[in-house]
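**Q** Taken in order, these protein sequences are the chains called A and B. Position 130, counted from 1, in the first sequence is what this note's numbering calls 130; the numbers after and before it change by one each time, with no gaps. Position 191, counted from 1, in the second sequence is what this note's numbering calls 191; the numbers after and before it change by one each time, with no gaps.
A hint or two may mislead.
Unchecked claim - Rough simulated footprint, nothing fancy, chain B against chain A, three-plus residues with beta-carbon under 8 Å:
hint, stretch
1, 37-51
2, 66-79
3, 153-165
4, 195-206
5, 221-228
To be verified - Derived DEER-like restraints, expressed as beta-carbon distance ranges:
hint, chain 1, residue 1, chain 2, residue 2, range
6, A, N84, B, T301, 40 to 46 Å
7, B, H87, A, L247, 26 to 32 Å
8, A, A185, B, E292, 30 to 36 Å
9, A, F271, B, S187, 23 to 29 Å
10, A, S27, B, G259, 43 to 49 Å
11, A, T231, B, H108, 34 to 40 Å
What the hints assert, rightly or not - Below 30 Å or equal to it, Euclidean Cα-Cα: the simulated BS3-like pairs (lysine-lysine) are:
hint, chain 1, residue 1, chain 2, residue 2
12, A, K148, B, K236
13, B, K145, B, K189
14, B, K189, A, K96
15, B, K312, A, K148
16, A, K229, B, K126
17, B, K236, A, K95
18, B, K312, A, K92
19, A, K89, B, K236
20, A, K95, A, K24
21, B, K312, A, K89
Think of the hints as simulated: they come from the structure by calculation, not from any bench. Beta carbons are placed, not taken as given, at the ideal position from N, Cα and C, and that holds for glycine.
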Amino acid sequence: MFPKRTLDNLGEKKKDMPEGLWHKCPSCGDVIHELELNANLRVCPQCDHYNILPSGERIQLLTDENTFDELDTDLRTVNPLGFNDYTDKVAKYVKKTGLQDPVVTGRCTIGGHPTALGVMDFRFLGASMGSVAGEKLTRAIECATQEKRAAIIFSASGGARMHEGILSLMQMAKTCGALARHSEAGLPYISVLTHPTTGGVTASFATVGDVILAEPKCMIGFAGPRVVKETTHQDLPPGFQTAEFMLEHGLVDRIVTRTDMRREIIRLLGFMMPALAA
Amino acid sequence: MKEQVLEFEKPLADLAIQLQTLRDHSANQKIDCSDEISRIEAKLDETKKSIYENLTAWQRIQIARHTQRPYMLDYVEHAFDDFFELHGDRHIGDDHAMPAGFARIGGHRCVLIGHQKGRELKENIKRNFGSAHPEGYRKALRLMKLAERYGIPVITLIDTPGAYPGIGAEERNIAEAIAFNLKEMMSLKTPTISVVLGEGGSGGALGIGVSDRVYMMENAYYSVISPEGCAAILWKHREHAPEAAAALKITAPDVEGLGIIDGVVPEPQGGAHHDHAVAADSLKKVIVEAIEDLGRLSHETLLEERYQKFRKLGEFEVAS
Numbered sequence: 001m002f003p004k005r006t007l008d009n010l011g012e013k014k015k016d017m018p019e020g021l022w023h024k025c026p027s028c029g030d031v032i033h034e035l036e037l038n039a040n041l042r043v044c045p046q047c048d049h050y051n052i053l054p055s056g057e058r059i060q061l062l063t064d065e066n067t068f069d070e071l072d073t074d075l076r077t078v079n080p081l082g083f084n085d086y087t088d089k090v091a092k093y094v095k096k097t098g099l100q101d102p103v104v105t106g107r108c109t110i111g112g113h114p115t116a117l118g119v120m121d122f123r124f125l126g127a128s129m130g131s132v133a134g135e136k137l138t139r140a141i142e143c144a145t146q147e148k149r150a151a152i153i154f155s156a157s158g159g160a161r162m163h164e165g166i167l168s169l170m171q172m173a174k175t176c177g178a179l180a181r182h183s184e185a186g187l188p189y190i191s192v193l194t195h196p197t198t199g200g201v202t203a204s205f206a207t208v209g210d211v212i213l214a215e216p217k218c219m220i221g222f223a224g225p226r227v228v229k230e231t232t233h234q235d236l237p238p239g240f241q242t243a244e245f246m247l248e249h250g251l252v253d254r255i256v257t258r259t260d261m262r263r264e265i266i267r268l269l270g271f272m273m274p275a276l277a278a
Numbered sequence: 001m002k003e004q005v006l007e008f009e010k011p012l013a014d015l016a017i018q019l020q021t022l023r024d025h026s027a028n029q030k031i032d033c034s035d036e037i038s039r040i041e042a043k044l045d046e047t048k049k050s051i052y053e054n055l056t057a058w059q060r061i062q063i064a065r066h067t068q069r070p071y072m073l074d075y076v077e078h079a080f081d082d083f084f085e086l087h088g089d090r091h092i093g094d095d096h097a098m099p100a101g102f103a104r105i106g107g108h109r110c111v112l113i114g115h116q117k118g119r120e121l122k123e124n125i126k127r128n129f130g131s132a133h134p135e136g137y138r139k140a141l142r143l144m145k146l147a148e149r150y151g152i153p154v155i156t157l158i159d160t161p162g163a164y165p166g167i168g169a170e171e172r173n174i175a176e177a178i179a180f181n182l183k184e185m186m187s188l189k190t191p192t193i194s195v196v197l198g199e200g201g202s203g204g205a206l207g208i209g210v211s212d213r214v215y216m217m218e219n220a221y222y223s224v225i226s227p228e229g230c231a232a233i234l235w236k237h238r239e240h241a242p243e244a245a246a247a248l249k250i251t252a253p254d255v256e257g258l259g260i261i262d263g264v265v266p267e268p269q270g271g272a273h274h275d276h277a278v279a280a281d282s283l284k285k286v287i288v289e290a291i292e293d294l295g296r297l298s299h300e301t302l303l304e305e306r307y308q309k310f311r312k313l314g315e316f317e318v319a320s
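Work out the full structure, taking the sequences as your base and the hints as a guide.
**A** See below:
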């Protein structure tokens, strides 16, 4: 079970505000009480801006009550390349978020459907994927295959983690390999893209879902918009790399709001895991 | 085309000029300078040794990007027979940054896929500087599926700064094209062999690199991000690329040390650009051996070993 989160460990910057109480919307500037924002699933009631949802809240929102059984809580990051400051950096984010890694995985049921769920939390070092993230996701997918569960991964990531070099790149192959076996076993994989999903995560498990959902307006891309602009010396088309743009360009199956996410996933699993449908 | 002399090779170029001048002088004036000539020759050999046996990561990257370095099609000429190029992904178009087709090597039929750069500007524009679009990755997969059907091995020769970060590439879902290849390559029922020839740029390299055997040429690099990109993010300036190159552990010996690859393919002294034919012989030997080794395995063993090869990659601790 994940611990109940309190308001003061949500970990977002609150400039010039009484500590922990008020949230200024980065999109419309509206000031709102944290409790009200949480009650609205951290979506701005004024402008529908999606703030980052910590993985604990995400899991609570999605899973059947008291069914989430977290996997592999004991995996810890090491510094395989001896990269300067890396160990301290990770320690800082462990302290800040209360997590050990951006990825949290576990068994659960969703609408009664047995599922292995992976959730990435962007607050932890831009949810970059290193060895621990790759290993946790791979184990969760393998668990899903073995126990005939659906695999569901909520992605958000700056990409593969530089500090672990080529080992991070190889996590892309490793996770996709596990998903290949999951597919061959005839089991469903739903990928849900949240803000922002980029780089090596977009170029691996996030875009090979049987079904790909996305949260409204989230950024989805391979290269960052700045890199695209600098490479091509062209103006970017309106809405470039948003969920809506990717829906239009055939990558995303459907955009689903936070409020509807659990209901829509249960509907989908009803089609994808018919034997277990109610 | 003008010979590209790398900064750290300048002492060698200077000595070579000295040597040539002396030889010319000796011949023209009919003076015996053989003592002086052999002294400079010895010095040249010694300097070569001290430079080439102590290459830094950044120096190797410069060799990997050398404009006279043999590219995929140079290896096709020297190491392969009868390359029958096929074109197009059957949906959008053909990607000239990623030639692919049937080929023969050492008497074996295969499907050959690779990245191709250009040497001159015109050729480089055609080849998009070796950065493939989604069409390249999808053509690659189309041909891999043919190889699977005909039971012939797939050889991929990797040499890209990265997949192309352009508007069209994003619109046609370059990330998905790569991701789908990672997944499909893992279950391809035929032997697969990859060699990083020069630049192994991140997802663009891995997108044709999930193989039973993965090798790197001695002066190739393989990295999650370009040293310049890493320097821009972590050092706040691209000028720190040499430091980033060292920190990222991206040279062939470093990547082999991390257990990612199956071997390093030796290059002629100073790098493959000094002798394309020798480099190609070296590559051919490794590929032919791998084809013959893998050909002895059942599909079941092949796929299980491929899965485990990538499955075991990653370093972490288990807390007590």
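**Q** All hints are to be evaluated individually against the structure, with a verdict given for each.
**A** Evaluation of the provided hints:
no.: 1; hint: 37-51; in the structure: violated (count 0)
no.: 2; hint: 66-79; in the structure: holds (count 5)
no.: 3; hint: 153-165; in the structure: holds (count 5)
no.: 4; hint: 195-206; in the structure: holds (count 7)
no.: 5; hint: 221-228; in the structure: holds (count 5)
no.: 6; hint: A:N84 <-> B:T301: 40 to 46 Å; in the structure: holds, 42 Å
no.: 7; hint: B:H87 <-> A:L247: 26 to 32 Å; in the structure: holds, 31 Å
no.: 8; hint: A:A185 <-> B:E292: 30 to 36 Å; in the structure: holds, 33 Å
no.: 9; hint: A:F271 <-> B:S187: 23 to 29 Å; in the structure: holds, 24 Å
no.: 10; hint: A:S27 <-> B:G259: 43 to 49 Å; in the structure: holds, 46 Å
no.: 11; hint: A:T231 <-> B:H108: 34 to 40 Å; in the structure: holds, 39 Å
no.: 12; hint: A:K148 <-> B:K236; in the structure: violated, 47 Å
no.: 13; hint: B:K145 <-> B:K189; in the structure: holds, 9 Å
no.: 14; hint: B:K189 <-> A:K96; in the structure: violated, 46 Å
no.: 15; hint: B:K312 <-> A:K148; in the structure: holds, 23 Å
no.: 16; hint: A:K229 <-> B:K126; in the structure: holds, 21 Å
no.: 17; hint: B:K236 <-> A:K95; in the structure: holds, 25 Å
no.: 18; hint: B:K312 <-> A:K92; in the structure: holds, 28 Å
no.: 19; hint: A:K89 <-> B:K236; in the structure: holds, 17 Å
no.: 20; hint: A:K95 <-> A:K24; in the structure: holds, 24 Å
no.: 21; hint: B:K312 <-> A:K89; in the structure: holds, 25 Å
The structure does not agree with the numbered hints 1, 12 and 14 stated previously, though it agrees with the rest.
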